[in-house]
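Chains as they are written, first to last, in the working numbering: chain A, -15 to 114; chain B, -15 to 114; chain C, -15 to 114; chain D, -15 to 114; chain E, -15 to 114; chain F, -15 to 114.
Just so you know, the hints here were simulated from the structure itself, not pulled from any lab data.
Honestly, I wouldn't trust all of these hints.
Pairs involving identical chains hold if they fit within one copy or between any two copies, as the list cannot separate such chains.
[Stated by the list, open to error] Derived lysine-lysine pairs resembling DSS-like cross-links, with alpha carbons at most 30 Å apart:
hint, residue 1, residue 2
1, K12, K38
2, K78, K12
3, K38, K(-11)
4, K12, K(-11)
5, K78, K38
Protein chains: 6
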Amino acid sequence: MPYAKPIEYADASPEARAVFDDIMTVRKVDTVNNFWKSLANDPATMRRTWESIKEIMAPGALDPVTKELIYIAVSVTNGCEYCIASHTAAAANKGMTPEMFAEMMAVTGMANETNRLVTGYRVALDESLR
Amino acid sequence: MPYAKPIEYADASPEARAVFDDIMTVRKVDTVNNFWKSLANDPATMRRTWESIKEIMAPGALDPVTKELIYIAVSVTNGCEYCIASHTAAAANKGMTPEMFAEMMAVTGMANETNRLVTGYRVALDESLR
Amino acid sequence: MPYAKPIEYADASPEARAVFDDIMTVRKVDTVNNFWKSLANDPATMRRTWESIKEIMAPGALDPVTKELIYIAVSVTNGCEYCIASHTAAAANKGMTPEMFAEMMAVTGMANETNRLVTGYRVALDESLR
Amino acid sequence: MPYAKPIEYADASPEARAVFDDIMTVRKVDTVNNFWKSLANDPATMRRTWESIKEIMAPGALDPVTKELIYIAVSVTNGCEYCIASHTAAAANKGMTPEMFAEMMAVTGMANETNRLVTGYRVALDESLR
Amino acid sequence: MPYAKPIEYADASPEARAVFDDIMTVRKVDTVNNFWKSLANDPATMRRTWESIKEIMAPGALDPVTKELIYIAVSVTNGCEYCIASHTAAAANKGMTPEMFAEMMAVTGMANETNRLVTGYRVALDESLR
Amino acid sequence: MPYAKPIEYADASPEARAVFDDIMTVRKVDTVNNFWKSLANDPATMRRTWESIKEIMAPGALDPVTKELIYIAVSVTNGCEYCIASHTAAAANKGMTPEMFAEMMAVTGMANETNRLVTGYRVALDESLR
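If we strip away everything but chain A, and leave its shape as in the complex, we get (with noise of 0.2 Å):
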């Protein structure tokens, strides 16, 4: 599948190049995992995709792990394997605790159901929330 095939540092075009080096500064790391060498193939995208990563992941109202928490919240309600497995890892790497992760599934799996049951009861908005 040429299509996805990652790209190597090597092998990468200057653009993309660019973005290799600019993550592997940010983040104080010596390389970069498999899907920025998969982006790699669209350098534009790449490119936005790791703008837009480092200005919304950045402290604000919201600290790093919370955000990180929100994340793989959204990926496990999607199924993406890969990004549970990355986001899990790098929500670790700034501080999340088995416990917090316990509660974020926690609360994920009941939203998950309960989200269902409001839509199967066709349940009418309440006055007071609109």
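Given chain A's structure and the hints, the job is docking chains B, C, D, E and F onto it.
Leaving out everything else, chains B, C, D, E and F in the frame of chain A:
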């Protein structure tokens, strides 16, 4: 659609009324919203859901606002409008600011995007993530 | 939105009219609901969908009520409000009781919850399930 | 990934062991599958999930095979491979035939197709379905 | 729900106004639709989203109508009614005919059906597709 | 898992064999992939699916490559790995270039992101889109 017709307190079964009472006591309110009135059609599910919510949404390793943010992120990903409305209101009551809402939404949007990029490019799990 | 404007019998193409006629004959009704009027914009898809539904929803190893329950469970999981409304009505016509609806919903809610728990905990397939 | 590492009976907490014991007693088996070993990381969620499953999947207005078929249909729609494998095995144990599985799959496939046709054509709810 | 209250041009922050201005210039319109007014609550996300859309939806290896068709197919699969309405209008403006819409919908419906058949039957990847 | 065990031509029922034969004739190949071997467990669904695919994926108002791109975008959104692999291969055979794949993926990623932004901000339908 009689299966989903909300049931008011006066018309509820004793088992459903007990749940109504507990919700009003715990939340210090004098009514419950439509979700619970709909679930009153199935008192066993109503009770089970309420017991789970009380346990799961309580403060723990994660604070209540963080739990609500995760709940909203899942509900947005599943497209449950009622759930988004009711839990956004709940989150605001517990201290969520507009900035926190906006950052949660930005993470949720980006996670949905990158989940699909990972899936479409068929990114293989890095050795370091196994 | 002209692409989705429902087409009434009087304005339908001959191929679409033939499907209208067959639906009314098979179901012993004198009108069809909006789904079919919308599909009349694409008579080939309308015909194909009707032929499939006739074949798939007919009694077989599963009875018609069980098939409708499965249909609703899927529609709830996908969040299709129209589909839930129309198939809940169809199921009731075929003998679904409120208790059956409630139990289907409880299973649907729980399956959505456990699906996500399995995914988030990255549960490996047991040897016995391979 | 320590957060999801399955926990064997010998290493489980007393609360988790109590759930292991009840599962083995109720199901008349001498081991539990990986789902439960993973949930043993969060004994409260493990207990809550097991209590719900016992209650929801028990015979009622719907027989156990019908409940498993609904469970599989939801799991297929959500793309949870482990869930499909484990509940297909459970369903077979409870009496599901290959013909029943095939018909459930045909309904699930068609519901997923028509859910999207309804959504894309923006079909308005018929007066008779309100 | 203050978090989602649309913000009109007159009330927008300077950063949001700059995006409003650019949208109106590029699209040669004198107003923007509600999506942008809602995003004006979070000018950083508004700007990022608009920059991405300009770049991604521009003509390239795929023409603009094809890109809109893909956008609609995804929105249908996710059940986003607003997105379907706005991008169907955009696609029509760019030259999508009713026949193109109907064929896109037929493919979308069938892909959703076969996606589930593949998943439920747990089809193993052919050697030739690895 | 006998329900999903692929059935080879030599072991297939006459109805399934007729579909095998037609696929091999139409596609000018001497084997079929695992999807069809799995569906051979349910010859009626196999035949119906093949007839639909032949009709829907044929050239029309949209060319075959555009149809495959839409198919992949849906499969990515649903997370169906097998479907992505098989239709990416099919699309490449019909003329999809790596640039077309990359642009389809960029649109798919962005649509998934904006679908959720619209949903979470509860954007009201503009008058002009009704």
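* Against the earlier hints, flag every one the structure doesn't satisfy and list their numbers going up. => As far as the earlier hints go, not one is violated by this structure.
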